[in-house]
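K.L.:
In case you want the letters, here they are:
Protein chains: 2
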Amino acid sequence: MASDKIAVRKILDKVKAEGRTSLTAPEGKLVCDAYGIAVPKEGVATSAAGASKLAAGMGFPVVLKIVSPTILHKTEAGGVLVGIKTKEDVERGFATIMENAKKYDAKADLLGVQVQQMLSSGQEVIIGAVTDPSFGKLVAFGLGGILVEVLKDITFRLAPATREDALSMLDGIAAAEVLKGVRGAAAVDRSALAALIQNVSQLITDFPEISEMDLNPVFATQSGATAADVRIVVDWNPPEPRYRPKHDDIVRDMNRIMKPDAVAVIGASSEMGKIGNSVMKNLINGGYQGKIYPINPSADEIMGKKAYKSVKDVPGAIDVAVFAIPAKFVAQALVEVGEKKIPGAVLIPSGFAETGNVEGQKEIQDIGRKYGVRLMGPNIYGFYYTWKNLCATFCTAYDVKGHAALSSQSGGIGMAIIGFSRSAKMGVSAIVGLGNKSDIDEDDLLTFFEQDDNTTIIAQHCEDLKDGRAFAEVAKRVSKKKPVVMLKAGRTSMGARAASSHTGALAGNDKIYEDVLKQSGVIRARSLRDLLEFARAIPVLPTPKGENVIIITGAGGSGVLLSDACVDNGLSLMAMPPDLDAAFRKFIPPFGAAGNPVDITGGEPPKTYQNTIRLGLEDPRIHSLVLGYWHTIVTPPMVFAKLVAEVVEEMKAKGISKPIVVSLAGDVEVEEAAEYLFDHGVPAYPYSTEMPVAVLGAKYQWARGAGAMPKASPSEAPSR
Amino acid sequence: MASDKIAVRKILDKVKAEGRTSLTAPEGKLVCDAYGIAVPKEGVATSAAGASKLAAGMGFPVVLKIVSPTILHKTEAGGVLVGIKTKEDVERGFATIMENAKKYDAKADLLGVQVQQMLSSGQEVIIGAVTDPSFGKLVAFGLGGILVEVLKDITFRLAPATREDALSMLDGIAAAEVLKGVRGAAAVDRSALAALIQNVSQLITDFPEISEMDLNPVFATQSGATAADVRIVVDWNPPEPRYRPKHDDIVRDMNRIMKPDAVAVIGASSEMGKIGNSVMKNLINGGYQGKIYPINPSADEIMGKKAYKSVKDVPGAIDVAVFAIPAKFVAQALVEVGEKKIPGAVLIPSGFAETGNVEGQKEIQDIGRKYGVRLMGPNIYGFYYTWKNLCATFCTAYDVKGHAALSSQSGGIGMAIIGFSRSAKMGVSAIVGLGNKSDIDEDDLLTFFEQDDNTTIIAQHCEDLKDGRAFAEVAKRVSKKKPVVMLKAGRTSMGARAASSHTGALAGNDKIYEDVLKQSGVIRARSLRDLLEFARAIPVLPTPKGENVIIITGAGGSGVLLSDACVDNGLSLMAMPPDLDAAFRKFIPPFGAAGNPVDITGGEPPKTYQNTIRLGLEDPRIHSLVLGYWHTIVTPPMVFAKLVAEVVEEMKAKGISKPIVVSLAGDVEVEEAAEYLFDHGVPAYPYSTEMPVAVLGAKYQWARGAGAMPKASPSEAPSR
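Chain order of the listed sequences is A and B. In terms of my numbering, the first sequence opens at residue 1251 and continues consecutively. In terms of my numbering, the second sequence opens at residue 1251 and continues consecutively.
Be careful, since some hints might not be right.
All copies of an identical chain are treated as equivalent in the list; a pair is satisfied when it fits inside any one copy or across any two copies.
[What the hints assert, rightly or not] Straight line, CA to CA, 25 Å or less: simulated DSS-like cross-link-like pairs of lysine-lysine: (1) Lys1559 x Lys1524; (2) Lys1902 x Lys1857; (3) Lys1315 x Lys1555; (4) Lys1357 x Lys1578; (5) Lys1496 x Lys1578; (6) Lys1509 x Lys1675; (7) Lys1255 x Lys1902; (8) Lys1732 x Lys1496; (9) Lys1402 x Lys1430; (10) Lys1555 x Lys1591; (11) Lys1541 x Lys1651; (12) Lys1904 x Lys1335; (13) Lys1264 x Lys1716; (14) Lys1524 x Lys1857; (15) Lys1541 x Lys1524; (16) Lys1402 x Lys1761; (17) Lys1620 x Lys1578; (18) Lys1279 x Lys1324.
These are calculated hints, taken from the structure and not from any lab test.
Only chain A is shown next, with the shape it has when bound in the complex (with noise of 0.2 Å):
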């Protein structure tokens, strides 16, 4: 791309030193020429046949304008002429437009005549831009008109965009049918859209005092895309961007939080129902065999362990210091803490910015970048580190170790995220509280199990994203090894926001979340507990080869809502290749269909379900299994649940493993037999047809978006 960065720079010069904040036309077509922006072609004619020469190189119809100083008012002068289609018609509207001047005033300085192609054929579309307070610059697109204003059918990606990018925003609205050509019309140039798409993206990105843009309406034909009107809003006081440690300074410090060695904790006490109790408590009964550390400035021993008065008067290093004393000590024992250079605060506390007091967390946040300590919280429940058998939490202690790390935003949720994980036995290796974020995000967390060999799926539920670009960064480089999960509470509070273009007025706050989600790789989850399921069966399920799914049912009832729960989830029904289909038939009754769902009928014994699942496994053809199973007296559902785990193992010894979920109907035993199967590595649900095609669905949208799976070809693409 062409991009005449000092030319812009100029004109922006020049609007910045007479005060303004947004462009003229004239200079936003300057700003658009120098990157490669297509606007209408334009001249100044002096002749009838420099103007008809001129037209002609731009192509018809154009539009004819006076051009003088002193006229100020063209259209009353009768000094515009639009729609002219000929070289004749130029030179004559030439002649009358002079004319016509000369008549409205005789002293005028004519000095010539505007020739402008006149756009008016094509698809309209909107390009334009934003600046977020979390994510900052995004470019926007959309079709125009009713789709965006009255159905908010627009896209939005982070700024710049690659052309990867860009063309996903021509597929990333409704209506993206449009542009491929309805009712006759042709399809759009795509290649142009979407570089139209990046020259924007990349404007905005070098110069981040552009807030706003808007190109609106852009006409897209078979070749070409092309803005017929640009509007430019600047902000000279753009924000500061936050404060990002190092990559390599969050990794070291982050390890040294998560899996210390040495545990101090500010504020142990030895009396019951104080936090500083249940911390040690918890350190202690949950198994943490590091070096742990009270302190307290009025105990020598608490729950066995020697008492220190600050961390300071601790012999040896420190980790983190576990801060469990009101709001108002909380400053002093950081300074401490700082100079004992321990990396790590967990600030249990609440009483800043959640009650008002923004001052008090301003100063801890000083202190913290001062020492350099790295803050949890404030207003957390704390953490928990299974694989250290580490509860630095005052709740109750959780000791399922696993490989799924869960964080949140909120104490509630958290405690929710506790509760769930002991009822379904999830394997955890970490639940982080956030709280206030004053220093450790998600995205801190994010680099961190990125590169921790326990983890391997991260589900984070959070209210806002301090830091959306900083997340979004680490989110796309992180979700290419493991899935990230995440619960975006607020959705429906989009609030209104003060804005001088139309995309800014469209970019509502949820929007924006979904598609930069969505661009990271990141799998968002509708519901608590979609964030929670997913977390237990994502890891589970092994990562499919391919997008062809097969559902195998012994309820038909159950076949047609697993169907619809497939295209709810973007799966894709494998269509049976005939042989296929002939080999289930083999161990079906007559009665029963092939085709998928493969029907094998409501009273089979234990081998009809072996068999056909063996089947399923066997052929390479078949990705993804998804079974219906039936309560029957001639298959009761424990015999079920260990026939599928044996088939599995079989299958597994001669090297094949593929994504396996069940949906159990029947009486309450299938809820055993559903935690059996969970247990063999087989995500089960009883009473459910949705849930175990949803988090197959999730699976899948991680594999594609990593790119852990070969690419479907056009005519497997599911729809969406």
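Starting from the known structure of chain A, fit chain B onto it as the hints suggest.
P.N.:
Just chain B now, kept in the frame of chain A:
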């Protein structure tokens, strides 16, 4: 509405006589005229002055067209002029056209010039009609263009549509706002559009042979709505309407079947593992107190009951015969059931239409009709009616009496209903399997449950409705008294349908279900889990008296997610009046947030929950409460559960009863608390912020549709 049926009949007769299946444009216009559907005005003039007079009468602009039986290609002959705006131009145009025509064909027979009103302004919409195999005549409405073609933004109602139905269609599309005027356009004449929809729906109702119809486009303006183009397709062999017994007969027979005093078991057996043995066991062990007659030609006694060779040998009356014999013996036994005048047969056996034995099914249908025996099934698990301790099924017994009546088309889903119900201790009145629905279907059940005092909610799973129209009619009535919830499976398998019209091609099967279920007041469950949870919670919740919902939460994080869920479920978060805000603030810490959600903050004692919940129940401006509990040591889960139950009781004593739902965030003890709360009339869910709000939303949806609560003023109306 003025309708001229004779005129339409005459036209249709002519079309039929000529062996055509569609009407010509002029015929279509005449049909429209007969039903008060506005079409462009037109007339034929034989002089320039006449043309000018006609044009002035209909308003400009107009189109002029030569009228000549010998000129087929009018445009080629120079015989068409469009966009004529003045009387003078009409006169000139008349002359021009006549001259052109003469030049084109000197021998042509020129009858004059047609003057036609030219429509071009206004909002383009589509109004159409289709004939659905299950629902019959439906009227359709959409905005046309991209919205209908690409986004499928179209809505359907059963014909004939009431004025209210028609008006609801204008709000029933995603782009509804367009009709109210956007981008400076005027709002359309809603009354005229509604009348047009009604007239179309009346026309297709009066003439069943009209199978499809398109008015496309219709131009809707500030002062009217005119169909610019009309297309009418006829089907001379419309399908026969499905046989329906009379309402009183259904009620009489269904009462004997569902609440029998005497049951025969055809194929009763003493042999373990046989279906006829399971049915006998379930009847006896379930505690059924009526007479049980085992029918078995080769036994004298089965399980202590005297056995008979045939139902005809039983001395007394029998209300229902449960079939537990192979398919091939069913027909003969059914004849005997008919001869014995038993009103109902429960056909457990499979081996009929579902295995391709369509003839066998037709045979038993014919026998049933001949003898007046209502058939349940075949291919079912049977049914339960708990208040009679009746388990007429081969599945496990179920005995938790309650007020939810459930049914399923599929056996597998039936088993999931039983398992879930048992696990959740859901009280049910009945669980019914409908299987192949050879006779008894969803609307028979609705008709029975409507008058069954033990039932307060009806929840049904179905894959198709054999007679959607009958269902809709019954559901519309029943849903006014008792909530009707439906899980329609096969949502996403919108089979392509052959269609001769544009509207027909757009009639995706699921969109019709969606709209008709809504029109009938049915709550649509989006998942099996929702169906089950709605059935469990809706009867527990009192009917709200208004739209104002308040969230009271101990966890701010839950409050945010609960707010999201309220918006998702169409609930209105009450704008907190200042005095009420002040009243809440009295009970909560100074840094807690009043407003809505009321955030009482995390560390509060039971009293704070108690005081705020009591206030929420006492203040008459608040109509429903959503509670977010956060597990702490200060207020443990069971303490919270008991205090909520106490406050509810206390208020009940004062005559105050409002819906309350609870989301519980905490460790596993919250599961016990949730159960306790549910038992005390408060639907409560652990680890979920969505489900409690979803069930409240479903209750509201019912209350609004059934007119069970005062209508909201426009400012209070929910966003969806």
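K.L.:
Which earlier hints turn out false for this structure, listed by number in ascending order?
P.N.:
Failing hints, ascending: 3, 4, 5, 7, 12, 13.
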